[in-house]
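As given, the protein sequences belong to chains A and B, one line each in that order. Heads up: the first sequence at position 41 corresponds to 41 in the numbering used here, and the numbers run straight through without jumps. Heads up: the second sequence at position 73 corresponds to 73 in the numbering used here, and the numbers run straight through without jumps.
In short, the hints are calculated from the structure, not lab data. Beta carbons are placed, not taken as given, at the ideal position from N, Cα and C, and that holds for glycine.
Partial pick of chain A residues on the chain B-facing surface, computed with a CB cut under 7 Å:
1) K42
2) G43
3) P44
4) L46
5) F89
6) Q95
7) S98
8) K100
9) F103
10) G104
11) K105
12) G106
Sample of chain B residues facing chain A (criterion: CB under 8 Å; computed from the structure):
13) Y33
14) F45
15) E56
16) P100
17) F103
18) D105
19) G106
Simulated crosslink set (DSS-like; lysine-lysine; CA at most 25 Å straight-line):
20) B/K57 <-> A/K100
21) A/K71 <-> A/K58
22) A/K57 <-> A/K108
23) B/K57 <-> A/K105
24) A/K5 <-> A/K105
25) A/K5 <-> A/K71
26) A/K100 <-> B/K71
27) A/K42 <-> A/K15
28) A/K71 <-> A/K105
29) A/K100 <-> A/K57
30) A/K5 <-> B/K57
31) A/K71 <-> A/K108
32) A/K58 <-> A/K68
33) A/K57 <-> A/K68
34) B/K11 <-> A/K42
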Amino acid sequence: QQQVKQSPQSLIVQKGGISIINCAYENTAFDYFPWYQQFPGKGPALLIAIRPDVSEKKEGRFTISFNKSAKQFSLHIMDSQPGDSATYFCAALTQGGSEKLVFGKGMKLTVNP
Amino acid sequence: DTGVSQDPRHKITKRGQNVTFRCDPISEHNRLYWYRQTLGQGPEFLTYFQNEAQLEKSRLLSDRFSAERPKGSFSTLEIQRTEQGDSAMYLCASSLENQPQHFGDGTRLSIL
Chain A
1 QQQVKQSPQS
11 LIVQKGGISI
21 INCAYENTAF
31 DYFPWYQQFP
41 GKGPALLIAI
51 RPDVSEKKEG
61 RFTISFNKSA
71 KQFSLHIMDS
81 QPGDSATYFC
91 AALTQGGSEK
101 LVFGKGMKLT
111 VNP
Chain B
1 DTGVSQDPRH
11 KITKRGQNVT
21 FRCDPISEHN
31 RLYWYRQTLG
41 QGPEFLTYFQ
51 NEAQLEKSRL
61 LSDRFSAERP
71 KGSFSTLEIQ
81 RTEQGDSAMY
91 LCASSLENQP
101 QHFGDGTRLS
111 IL
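Bound conformation, chain A alone (with noise of 0.2 Å):
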């Protein structure tokens, strides 16, 4: 069973543009939603993260919008660069215990220059 499902599982953009990429959870038990950028050859690296009491977050380009009551969650690149082509996991845990990752299978984003 896949506990958290990650969509699409690639996605070409021009630069400039806005990549957005999709997650839906099933544990209500999670508490704590981050995404990791992999590059090739590479472990994956914390991009940005959120908890369900906001609905919203903003980093730079990146924003995570999180609707709990769907349990769904996304992350929006703004002005995506050809720089950002990477592989982008969502992931979710549950704080307290082990705070062992659930990852999504990934998205792998092109940005064209």
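Assemble the complex: chain A is given as a structure, and chain B must be docked to it using the hints.
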């Protein structure tokens, strides 16, 4: 600023051989995690240490896998009698409680 370090970066071995990977976490982090990532998938949790105690293991971690974290510092992950299905990227992450996990760049294991 020293991040999470993993060694080796790549390991090629024959089926049936034993392999051992090492992870050096960020020095003040008391939590250490191992994940496995196969092609086109997100990382999957394998096991977790708080200091030197191994507190949780995934069902993915068969009897052929063992992990240690002596003295609560570095950790090793050993796979005995490797199988084709063990081919993957093995990722280590470390953190403090209630803080984000920081990942190393992984060890890519290829089984011939």
